[in-house]
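Visitor: Residue numbers (numbering that gives the first Met the number 0), protein chains in the order written: chain A, 0 to 310; chain B, 0 to 426.
Per the computed footprint, the stretches of chain B lying under chain A, defined by three or more beta-carbons under 8 Å from a beta-carbon of chain A, are: (1) 102 to 116; (2) 181 to 194; (3) 252 to 259; (4) 387 to 393; (5) 419 to 426.
Once the Cα atoms are required to be at most 27 Å apart in a straight line, the calculated BS3-like pairs of lysine-lysine come out as: (6) B/Lys236 - A/Lys172; (7) B/Lys418 - A/Lys172; (8) B/Lys236 - B/Lys160; (9) B/Lys262 - A/Lys172.
These are computed hints drawn from the structure, not numbers from a lab. Yeah, the Cβ is synthetic: ideal placement off N, Cα and C, and Gly gets one too.
Listed below are the residues making up each chain.
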Amino acid sequence: MAVGSVRVGPVVPRPGLRVWELLDHERFLGPAFVTPALLLITLLVAYPFCMALYFAMSNAFIGRPSHFIGLRNFVGLWESDAFRQTFQNAFVFTGASVALKLVLGMTLALLLNQQLWFKRMIRGAVLLPWVIPTALSTLGWWWMFNSLYSVVNWTGLALGLMDPPGPNWLGQKYYAMTAVVTVNVWRGLPFFAITILAGLVSIPRELYEAAEADGAGPVARFWHVTLPMLKPVLAIVVLFSTIFTFSDFNIVYVLTHGGPINSTHLFATLARQVGLESGQIGQGAAISLYLFPVLMLVVWAQLKFVRRQVY
Amino acid sequence: MSDLSRRQFLGRAAAGTAGLAGILAAKTPPAVAQQREISYLCWNNFAPASDKKLAEIGQRFAKDTGIKIKIDHIAHPQQAAKYASEVQSQAGHDLIEMRMHFPWLYETQLVEVSDLVAELEKKYGKALSSAQETANVRGVWRAVPQYHTFFVGSYREDLFKKAGLKVPDTWEDLYTVGKELKKMGHPVGIPISQNYDTISTAGPVLWSLGGMEIDRDGKTVRISSPATEQMIEWYKKMFRDCMEPEVLSWTDASNNDTLNAGKAGWIHNPISAYIVARNRKMVTADGINHHRSLAGPHGRHETDVPRHIGIWKFSKNVEPAKEWIRYLLAKKDVYDEYIMSGDAFNLPVYASLLDHPVLKTDPKFAALKQEGVQFHAYGWPAPPSDKVQRITNEFILPNMIAKAVTGTPTKEAIAWAEKEMKRIISG
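Modelling step: build the complete structure from the supplied sequences, incorporating the hints.
Guide: This is the structure:
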């Protein structure tokens, strides 16, 4: 072949290059990238979830053959006083905790959004409760509420805020619930504060300047500018927090073990007690999956709301 | 590696891969790797010196028998979850330390060890009643009794002497001295909360009054009885006159803490509080002493925490595992050495070893002579079962008492417990 000659006819691709050429197409490259993630999700999420569903509908007991029993576990749970109490506890615990985290988180975010000295250090410090392992920090709280060494009571008594010997934090129903809610709020507050702060920072200053020009005071600016602009962020934060709080385990397990008289049990702690400690895997799985349909509904409603806000 | 050409490297890697595939397919390691090794999972003993001794004995075992042993420890609240996962996955340790009812719970998963227990009983006498109740499942030994830990009265002897109080012998005596102790600012410390120490006191009180939760058929709920009413009335007056409300929130460690902190004047517990106080040279150590657990009109019954060693059926090393049990328990000098290391917290469970030399290592261990005490597992006289286990784990007895002492009428609290127990038994 002479130098400079032109080849005529169809281009036949070299076999070795074919795969690389295929990967140039989004049609092939996309699935190739997504497949490992899908496999991971299947292995780590879908498979355990299906197993849990199967267990929940069986009379599975550790190490023994099991049989399918339909929804009998879910129905039978209502006969248990501990389960009925747990059901009620879960809503009280989640409702109170999420509401407090929302109000306090918003307040904290508004404060952090102000001009502060040592702004970065303070913002970093706010995250501390969220960074420390929950079991460890809850042990600290357990010590603070401990009947023998309670720092909370010691401080209350020293300041004259309590009558001796002070509240029996972990031994009385309502105090125990107050204690677990307090720790959950302390732990979850940074998540709310930092996420809301991110939302606050992204609100255009012009909107505030326009509102101010129209004569809106701080409260009116909050109601008519800040809150509407934050709605999608708040919806997402509340959604995640509701799910996490419903499925909380560490705080109750370390602080009260579900007591006194089951008054602080949550689905996760009761599921452990029934499923692992007593060997009734079927009933344990049913307890942990009980609220799955409700939570799915919450997720669906929240996401729909968020989409409406964004688009 | 610099001498290895790319071709040689690829060749060796291929050979290695093929070899590994062969081993995996055959499920048998090559001869060079066939060193016998067993793994043993046990709890973090409350007498840590005995865990150290166990490790030391394990090293000697490896030297003497050529079988390597890997001993892992786990906190006791994690045991149930860990065992459940090993059984579900049919993989894990060869040997496991079994507490209380575990041999019943995992009956189908445990190797029969009746031959080993027969050898030990021939040597040391019959295993104690609590070991029989918990490790002998329907006539078959599913675990080998290792040692037990039982509850005694731990009291501040110095305070008793100062106030001229008589050491109690019955639960009623305890009420009498308890009133005085509370007046002195040193209340009685018996937990009434969702923990196992609560059951360890409530059971003996109920049994000594002639009561029970479930009958010996394991099916008939017997909690509603005059004996239970008496027990609850006793708890009510103890709670009111001898104790502090803080007992409603206690964990398994709280009674020890309060005795060692110098607050409580009397607690019902194994001797761990004293051992901790003595070893850490706490100021309360000298004042603490022990007496036998208390009696009632129907005798002196005692809750016991028997511990056994079981072998999983899925283990591929059953024979070496049995060799370890023989080495630790059947070699008298090794077993003695092991028991001595536990500061009388772990006591032998065989009849002829009850007056063990460990009891003479400290005059305050004298109350641990086990004469006249009837040892039982939770739920006695019902045989252990998954249902009794569930009644225990749902803390029905503690919650019944907690309800009653916080204002629920006695009969109502008992009716609640009866309903809950019937639900579990019929489920």
